[in-house]
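Student: This is what each chain is made of:
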Amino acid sequence: MSIILNNISKSYNKVKAVDDISFEVKPGELFGLIGPDGAGKTTLFRILTTLLIQDKGNATVAGYDVLKQYKDIRNHVGYMPGRFSLYQDLTVEENLNFFATIFGTTIAENYDLIKDIYVQIEPFKDRRAGKLSGGMKQKLALSCALIHKPKVLFLDEPTTGVDPVSRKEFWEMLKRLQQKDITILVSTPYMDEAELCDRIALITNGKILQINTPGAIIASFPKKIFKVRSFNTYKLIEDLRIYPDTHSAYPFGEYLHFTPKSEAFRPMDLTKYLEERQHKEIEVKETVATIEDTFMDLSKANE
Amino acid sequence: MNRFIGFIKKEFYHILRDRRSLFILFGMPIVQVMLFGFAITNEINNVDIAILDHSKDVNTKEIINKIATSKYFSIKGFISHEDEIEPTFRKGKIKAVLNFEKNFSKNLVTQKKATVQILTDATDPNTANTISNYIGSILQNYQQELNQGLKLPYQIIPKTRMVFNPELKSVYMFVPGVMTIILMLVSAMMTSISITKEKELGTMEILLVSPLNPFQVIVGKVVPYILLSIINAVVIILLSIFVFKMPVQGSLFLLGAESTLFIINALSLGILISTVAATQQAAMMTSLMGLMLPVILLSGFIFPISSMPLPLQMISNIIPAKWFIIIIKGIMLKGVGLAYVWKETLILIGMTIFFIGLSVKKYKIRLE
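The listed protein sequences correspond, in order, to chains A and B.
Residues in the first sequence are numbered from 195 upward in steps of one, following my numbering.
Residues in the second sequence are numbered from 43 upward in steps of one, following my numbering.
Here chain A stands alone, though its shape is the one from the complex (with noise of 0.2 Å):
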């Protein structure tokens, strides 16, 4: 196993941030912690890679324990800090440099690795990190954790604050990287992302929900679920939560997703109590469920 997590806690002041939480990422496996701001997502990542110590339990990664062998880790794994974490007031060529040489290796040596990811960066090679756009400071990060080579990389929340087509760019990337056994833990707020990783763990305030690949965690929603539209729609979602019949109603882009109570439940009903309340436009279609409902599913059977 790459990663192997036992019973891990953290607690800042009486605040658990990390919650009693194992699970394990095989090797060459690209693993998503899914979760909202505030999960532990970033604690978690801190305890992996040695910069933070558990209150509870034991890891390894790599084969390396994370309390005694914490310098062997060092050596091993690539670390993409959610806030960027270059030196702004070096160039992009420099950056690269720097890490090369502190890893104890040298850019020409790796860089078949990081050459998809370069190339794209490489026209503003003497630019500043620091007047980089996001996506590519995200580019030269990633560049950056990869020159050494490691064995496992961590990235937290790398495409936070990235335009969609640069995290499209980027998650084809990880996708690549893979291929060259690079076991990868990654971070992110993003449901819609989580479908990309092997395997997910859905995360928030310090516990894990649920781990499992994308498809099955989709497929075990439980219940039927539709997609709701009207002309008004923050009228519509007063009107659903006190409909008898709604176990959930919430924002969906520009549908609300609703799940019923009863078995028994016809679309038709719930036109008819909407049209009641003078509702236009009305939409009530069956949809399949995606991370994000199974994810506010299962936070809302937690609490």
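FYI, nobody ran anything at the bench for these hints, they're computed from the structure.
Glycine included, C-beta positions come from ideal geometry on N, C-alpha and C.
Mixed in with the good hints, there may be bad ones.
As the list claims (entries may be wrong) - Restricting the straight-line Cα-Cα distance to at most 20 Å, the calculated cross-link-like pairs of lysine to aspartate or glutamate (EDC-like) are:
1. B:K239 with A:E223
2. A:K343 with A:E223
3. A:K325 with B:D60
Stated by the list, open to error - Every beta carbon over 12 Å from chain A, so not counted as near; a handful from chain B, in silico:
4. L77
5. F120
6. N175
7. S252
8. A320
9. T321
10. P353
11. M356
12. I360
13. L400
14. I407
On the provided structure of chain A, position chain B as indicated by the hints.
Tutor: What follows is chain B alone, placed relative to chain A:
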């Protein structure tokens, strides 16, 4: 080793690309030395004085000539009555008035003594004191010349000799002090800021998750500043030799070695500060309040330690700058060798080892 060189190269990029810190590094030493050397000084030059000559004879003329040709005074007016003295001072330009009595020459010949009154504007007591001393010595000089031809058996010549600083040149006192302040400031503040900067920008997080060990990071941070501080020390010494004509009596090599020791001492203090401070601002404030003030006030640079109350005298012992000032004053002004300053040197070495040990112990290998 490559890793280490790479790290130092990166540090130089940081320093050379940050105009503000470059200015602090190289602009400030020059500005400070010039300020202390030229502006803030106890010595007098071209002080405006006025003459009230009641006798207007050959001796008073000779004395006035002597005073006028000295570079310390320039005669800016003759007045003819005592009543004019006060209005003259009130105008503020004139700092002293020389009042020769009536029949000056006659008295000198017949009674063997003549009087001249020196009036000084004592709103600035230090300057007034200096002025009257200077005029006094010019008069003394003249008296000696007069006596040369005569063989008077009893001649009392009060003679004061200022050891090490015969002209009471204040710049000689200030240069060691300024050098100490600058080396302390540049070394301690700049290193503590540069280390906390990494914490603040989050790059420390990446450096921690790398094979670099704490020792390499700290030494890598410090080496560029050692080099820059040595350059600074050289600039200050050159300035004092060539601009202020200050002689360095002792060995230049010893001076260099002691300065390097003090630089390393200050750097280790800077590292210690950075292990405690979380932000650049905190590091700067700690350096300024915790180091600068004691260096200026308690090191003996401005206020003599011997005239401090006992508790402050005791506190001054833990300030490295105190010992360094003793050392470099000894080397630069008295020309003493290591045999005379070995005790102070040992104290500095001991303090340095203590600070480095404490810093390495306090340096965090993790985030908390």
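Student: Would you mind marking each hint as holding or not holding in the structure?
Tutor: Here is how each hint holds up against the structure:
no.	hint	result
1	B:K239 with A:E223	36 Å, violated
2	A:K343 with A:E223	16 Å, holds
3	A:K325 with B:D60	15 Å, holds
4	L77	31 Å, holds
5	F120	65 Å, holds
6	N175	55 Å, holds
7	S252	5 Å, violated
8	A320	15 Å, holds
9	T321	15 Å, holds
10	P353	40 Å, holds
11	M356	41 Å, holds
12	I360	35 Å, holds
13	L400	22 Å, holds
14	I407	8 Å, violated
Of the hints listed earlier, those the structure fails to meet are numbers 1, 7, 14, in rising order.
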